[in-house]
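S.K.: Residue strings, one per chain:
2 protein chains.
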Amino acid sequence: MAERFEIVEKALVRMLEEKKYATLRDILITMNPSDVAAMFDGLEEKQIPLLFRLLPKEQAAETFVEMEPEAQELLIRGFSDNELKEVVDELYVDDAADLVEEMPANVVKRILRQATPEMRNTINQILRYGDNTAGSIMTTEYVSLRPDMTVEESILRIRRQGFDKETIYTCYVTQDRVLIGLVTVKDLLLCDNDETLIRDIMLTNLISVNTHTDKEEAARMLSHYNFLALPVVDREDRMVGIVTFDDAMDVMEDEATEDMELMGGMTPSEKTYLRSSAADLFKNRIPWLMLLMVSATFTGLIITAFEGALAAQVALTAFIPMLMGTGGNSGSQSSVTVIRALSLGELQFRDVGTVLWKELRTAVLCGIALAVVCFAKIWLIDRLLFGNNEITLMVDLVVCLALCVTVVIAKLVGCTLPLLAKVLHLDPAVMASPFISTIVDALSLLVYFVFAKALLGV
Amino acid sequence: MAERFEIVEKALVRMLEEKKYATLRDILITMNPSDVAAMFDGLEEKQIPLLFRLLPKEQAAETFVEMEPEAQELLIRGFSDNELKEVVDELYVDDAADLVEEMPANVVKRILRQATPEMRNTINQILRYGDNTAGSIMTTEYVSLRPDMTVEESILRIRRQGFDKETIYTCYVTQDRVLIGLVTVKDLLLCDNDETLIRDIMLTNLISVNTHTDKEEAARMLSHYNFLALPVVDREDRMVGIVTFDDAMDVMEDEATEDMELMGGMTPSEKTYLRSSAADLFKNRIPWLMLLMVSATFTGLIITAFEGALAAQVALTAFIPMLMGTGGNSGSQSSVTVIRALSLGELQFRDVGTVLWKELRTAVLCGIALAVVCFAKIWLIDRLLFGNNEITLMVDLVVCLALCVTVVIAKLVGCTLPLLAKVLHLDPAVMASPFISTIVDALSLLVYFVFAKALLGV
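Residue numbers (the working numbering), protein chains in the order written: chain A, 124 to 581; chain B, 124 to 581.
Do not rely on the hints blindly, as some may be mistaken.
Intra- or inter-copy, both count: the list cannot distinguish identical chains.
Unchecked claim - Restricting the straight-line Cα-Cα distance to at most 27 Å, the calculated cross-link-like pairs of lysine-lysine (DSSO-like) are: (1) K142 with K180; (2) K309 with K208; (3) K133 with K545; (4) K180 with K309.
Source of the hints: derived by calculation from the structure; they are not laboratory data.
Next comes chain A alone, as it looks inside the complex (with noise of 0.2 Å):
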């Protein structure tokens, strides 16, 4: 689709560039907002007012929601008042919301000046709760009924306050301002009779979720559960939003680049790849590499601690590599799979026991398949193929034992680690590859050199 687009834009800026603004309005118009907002991304700073006037009002406003900051900002500050507020108007709460928190103080000034002030207070609403929770991200615009309305009368009022909810789809049954139960447009429309009481057609197995949740665990629920929506409501029980789909979604695909970036040993940015400057990338880097490197003086104090026996059996050394690189391997698989499940919600702290018997016996099965196999590879190979003598019958033994144990170690660390991560409200991503390799490393290392003074005497 990409491809696609990428011709149409261009043909769209040149027309821009040429003042064709009658034909090209009458193409943006076709246009789904969400690509008419990435086009703006491609422009020059002055052609963004010009391209956006051209815009009518309510695909305008849609329009402006789907930007990226930099131009959203770029176009309040050369807004007038009145255009503000016609942007600002057709926003949906929740939208306006995360608008505020993005744009500087004296942006956020003007925005608030011209929203009504009922919109002014659920915008603050919404940004005194926490930036993980399922508060932040709900909207309170969603149609609500009551138990003694009938079928006509919850049409009739889904067509009056429809037209500025997010979801109408699914209206929530209130009494006393407590969510007691919901009816879906669908079955509103299959009801055969129009006088039939929302009471009696009403879902009264509620799933809610808390202000408070974790907006995570808010997607995640409203994916297991195949939700359009999912009603927030706060301590008292009483509904105050809704978290709809597209939400979700979106934050679903947040989260799993989150813990991928973590994973990969770098900071979460929030900017895409393309819009993130080499200093951006080198701030979200650096800790972290900085943090490995410097505690890879252990590795490098147990190697100094025996010289000694790497000097009386030259051909240990060139096993470290491999001895430390299958350690961290065998560490990350087990890490990055438990992490996934935590954060799935597959598992929980206390599956430990589950989790550490079924990865000792996969780590042994591993460990000894990898174990026999290196064990034929240095003989066959290092020794007779590539006749290097110093290669004894001990040393691949030591080698082979060692990596056996290193296996069982690095896959017991990495699974028992993020775990442990979640119990301390840690991240579990934090306890992936690089921060495992880091200690598995120095572990495989000193396994190595117990071995190698056991059998072979150094």
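Start from chain A and add chain B according to the hints.
M.R.: Using the frame of chain A, we list chain B on its own:
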């Protein structure tokens, strides 16, 4: 949420054992099918049909869909033909197709015998699409309207047809089976005049995918446009089905898991962690460990080739793990970032120039920063604090120069390989940490020894 359900589950299983069927049934019917399905996973084999038969017909079918394949197979084997027909009749065709794909041949035969000829045809059609295509996850049940219908007629049609449509909220307008527009139920409900023609209110800026579009691409488009459903057309632009948001969410989650598993050096698996046996885990993990272990032969050879240098300057060996570790981490940072950007569709192969230039600048910044800190650390800690007099200024310089160059090489390798994989139509995620580390290990040793030879003359 997990903890709460565990308590409920235990109470329900106890009721089952105590044969309190009536109470149990009363509770089950208030529960969400996804939760009832989760209960089945914890049951003993003989309890499964017992509990299932307590569910009312419709809830039984909805629960059945959410169950694990093992429990589904067990149930089908125990079903009478009549019971099987009842479940199959209630299934949506895409769920039926999933089921047919998961079950062994003799079970499939029984299922297809109970399906209507029409359903059988559709199932066969869906199964013909490749595993990763939009066709394989679409459903063929959607509401289609004609352009000359009125709003009132359309609502009537939805009411008549809607019972067995997976989603009714987006209706597709077709002419001679070709997709020409869409209307949402919201548009229909909010339309003032019941006599309005569909052609006058339908949206015509359509976004659709082909049956052969990659399912990940389809999911990404649906998320990008915040659609409830995405229409799927064949090569002649005829409408054949829709991909719904809930299936798209599952695809996104599965693909993220798959990418993480590949990044961790494992063969992706569809089983959850707790359902995978140690043998399953072994099978997914051992090929990669073997491959990477054997390819570490190269690092061994390089060390053996420079044995003389290491013997002459014993201090050099101690820094090998730090060098390889930092190289590996630098490379995996770049590869993880690029892999994720590729899978989110933010990057294409044609961006290779931008990526290389960005990574080069980042790498130089990281390399210099690390080298400076490393230089000071080695001198202050390793030499002065631990009194290792084998570390001369020249050795320190060799290590830090090698470190800087290694980081640059690692980052360039790390960002190039996933892009290369993409262009070769391989999964970029294969080119992650374990693979990159193995290459970078060998390169960093070479760089190290070249500097050692040049500056120390060993």
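S.K.: For K180 vs K309, is the C-alpha pair at or below 27 Å within one copy, between two copies, both, or neither?
M.R.: between (31 Å within a copy, 20 Å between copies)
S.K.: From the Cα coordinates, with 27 Å as the cut-off, is the pair K133 and K545 best called within, between, both, or neither?
M.R.: between (48 Å within a copy, 25 Å between copies)
S.K.: For K309 and K208, with the copy left unspecified, which applies at a CA distance of at most 27 Å: within, between, both, or neither?
M.R.: Between copies only: 26 Å across chains, 35 Å inside a chain, cut-off 27 Å.
S.K.: How would you classify K142 and K180 at a CA-CA limit of 27 Å: within, between, both, or neither?
M.R.: Within one copy only: 21 Å inside, 64 Å across.
The earlier numbered hints are all upheld by this structure, with none contradicted.
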